[in-house]
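Q: Here are the chains, one letter per residue:
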Amino acid sequence: MPFSKDHIYAAATRLLAAAATKTPCAPIRDLLGPDAIDDAYAVQQQLVREYLAAGRRQVGHKIGLTALSVQKALGVDRPDFGILLDDMAFPEGAEIAFDHIMQPKVEAEIAFVLGRDLPKEGTTLADVIRATDYVLPALEIVGSRIENWDIRIADTIADNASSGAFVLGAYPRTLTSIDLQLCGMVIERRGEPVSTGVGMACLGSPLNAVAWLARTMVRHGTPLRAGDIVLSGALGPMVNVTAGDFFEARIEGLGSVSVGFSA
Amino acid sequence: MTHTRYSGYARALDTAARTATPIAQLTLTEPGLDRAGALEIQRLLMEERYMRGERRIGLKLGLTSVAKMRQVGVNEVIWGRLTDAMLFHDAAELAFSAYIHPRAEPEIAFILKRSLPADASLSETALAIEAVLPAIEIIDSRYENFVFSEADVIADNCSAAAVVLGNPVAPRDVGNLGMVMRLDGRVAQLGSSAAILGHPLRALLRAARLAADAGEPLQPGDIVLAGAAMAAEPLRPGAYVSVEVQDLGRVGFTVSGETP
Chain A
1 MPFSKDHIYA AATRLLAAAA TKTPCAPIRD LLGPDAIDDA YAVQQQLVRE YLAAGRRQVG
61 HKIGLTALSV QKALGVDRPD FGILLDDMAF PEGAEIAFDH IMQPKVEAEI AFVLGRDLPK
121 EGTTLADVIR ATDYVLPALE IVGSRIENWD IRIADTIADN ASSGAFVLGA YPRTLTSIDL
181 QLCGMVIERR GEPVSTGVGM ACLGSPLNAV AWLARTMVRH GTPLRAGDIV LSGALGPMVN
241 VTAGDFFEAR IEGLGSVSVG FSA
Chain B
1 MTHTRYSGYA RALDTAARTA TPIAQLTLTE PGLDRAGALE IQRLLMEERY MRGERRIGLK
61 LGLTSVAKMR QVGVNEVIWG RLTDAMLFHD AAELAFSAYI HPRAEPEIAF ILKRSLPADA
121 SLSETALAIE AVLPAIEIID SRYENFVFSE ADVIADNCSA AAVVLGNPVA PRDVGNLGMV
181 MRLDGRVAQL GSSAAILGHP LRALLRAARL AADAGEPLQP GDIVLAGAAM AAEPLRPGAY
241 VSVEVQDLGR VGFTVSGETP
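As you go down the protein sequences, you meet chains A and B in turn. The letter at position 155 of the first sequence is residue 155 when you use the UniProt record's numbering, and the numbering goes up by one with no holes. The letter at position 83 of the second sequence is residue 83 when you use the UniProt record's numbering, and the numbering goes up by one with no holes.
A portion of the hints provided could be inaccurate.
To be verified - Label pairs and their computed distance ranges (CB to CB):
1. Ala170(A) / Val187(B): 26 to 36 angstroms
2. Leu87(B) / Arg225(A): 47 to 57 angstroms
3. Glu130(B) / Tyr171(A): 25 to 35 angstroms
4. Ala231(B) / Ala170(A): 26 to 36 angstroms
5. Gln58(A) / Leu87(B): 50 to 60 angstroms
6. Arg190(A) / Arg172(B): 35 to 45 angstroms
Source of the hints: derived by calculation from the structure; they are not laboratory data. Idealized CB from N, CA, C, for every residue including glycine.
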């Protein structure tokens with residue numbers, strides 16, 4: 001289907017309807033092909049255009065598939081990204097309605113907030129370090145509009161990288177004060193560890209993930225800007241959410257962040 | 001009668017370890033073996049080692065990950081004894097031929113400066129720590145194919161085979177330290193010390209109680225391995241294994257023998 005955009009609109013329409021009715025839909029890979037990464041990003045852009053037209057505001061990006069094991073499971077060799085919108089942000093300790101995010105799971109990450117633009121094609125680690133204003137611990141609530149999370153790479157990219165909501169910790173730290181590679185991570189539910197990990201689990205270092213995103217966004221013609229939030233990718237396995245759950249994530253050296261789900 | 005049978009099992013496990021030759025699971029011939037019986041076999045097995053001149057230097061805990069406990073359906077940790085013959089230090093060389101099917105686990109070790117009674121509180125336990133160390137435990141089941149029941153593994157001294165200790169550092173909060181295990185320099189396992197019962201100090205608290213209940217309370221100088229934070233990796237001849245722990249540093253060893 002190289003000369004028509006119909007399949008892009010069809011996929012976007014299916015995902016938008018699923019989100020609007022809170023009813024999971026069939027995968028969209030039948031429309032694009034399971035490995036059609038460029039088309040999948042075109043679907044994502046279409047979704048975001050609709051969201052922005054409806055008055056939502058873009059506040060940053062999330063990076064996904066930053067664990068090698070997850071990349072392997074999806075048969076890809078790179079991360080993916082999605083767009084963060086203003087109404088996805090919840091305050092520290094918030095109670096989110098359980099049915100607000102479809103098929104929710106939580107993962108703990110490091111959020112970067114940029115103090116400078118990153119417009120260069122060959123953005124390096126050094127550029128990212130220089131551009132980072134501060135970092136925060138974050139919980140991302142991922143969700144899927146696709147029934148039973150039956151996703152291949154095209155499905156998750158088209159579905160805005162399975163994004164849902166996010167919570168940022170409220171104590172900013174500078175990069176020089178923490179060990180981004182060896183920082184331990186734990187998510188606890190009622191005091192019991194349900195996910196553990198370490199900074200290195202995110203592409204060797206969350207800085208690598210942000211550098212990848214910066215280069216990728218330059219190629220897409222929409223470079224990262226000062227003020228952007230970047231959720232850099234999970235530091236450990238994601239956790240299924242049940243109604244009534246409350247999670248606290250701690251990242252050693254960065255502090256903690258928590259979120260609840262109404263019963 | 002029971003004692004004679006148990007002594008036989010203990011000798012069989014001891015011989016299996018000394019000759020690096022696996023044996024069949026005890027529970028195949030002793031299906032009713034329970035935790036108490038298994039601990040008695042372990043005690044007799046250790047008597048064999050002490051009679052050869054080995055000295056008890058501490059203990060190790062197993063099944064300290066909440067996920068693992070739930071997986072095998074128990075909510076109590078298991079434990080084994082460490083002896084001086086099992087002890088190695090950073091940059092050691094371990095002989096592959098000395099083991100049956102050895103695996104390496106990333107751990108955090110404690111060295112104590114005070115004894116701990118069975119009813120030690122968490123703060124007493126914390127204050128009894130002389131030093132914390134990055135460590136790698138080598139586990140090596142004496143059973144064929146590394147397959148066993150809970151009673152089997154307890155009798156087998158919880159698969160304890162060797163421990164490689166890094167450099168001691170002053171006590172600090174070890175509740176959520178990032179950990180990485182590398183094989184030949186490449187990342188093999190990633191995790192956090194929080195996987196150890198939510199906090200390795202809780203493992204030490206349990207160790208104090210278990211050791212005191214067995215009539216050999218933890219003493220100054222004892223080494224306690226708090227349990228694995230991530231999955232074990234099989235060793236192969238020629239391998240270099242290292243573990244790095246946030247704030248604690250790195251420990252490593254090589255496995256001697258030809259690379260197959």
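Q: It remains to establish, for every hint, whether it holds in the given structure.
A: Hints, verified against the model:
At roughly 32 angstroms, the beta carbons of alanine 170(A) and valine 187(B) sit within the given window of 26 to 36 angstroms. Hint check: leucine 87(B) to arginine 225(A), Cβ distance near 56 angstroms, so the stated range 47 to 57 angstroms holds. Remark: the range hint 25 to 35 angstroms for glutamate 130(B) to tyrosine 171(A) is upheld by a beta-carbon distance near 33 angstroms. The beta-carbon spacing between alanine 231(B) and alanine 170(A), approximately 35 angstroms, falls within the hinted interval of 26 to 36 angstroms.
The hint said 50 to 60 angstroms for the Cβ distance between glutamine 58(A) and leucine 87(B), and at roughly 58 angstroms that hint holds. The hinted window of 35 to 45 angstroms between arginine 190(A) and arginine 172(B) is violated, with their beta carbons roughly 26 angstroms apart.
The structure fails hint 6 only (numbered hints given earlier).
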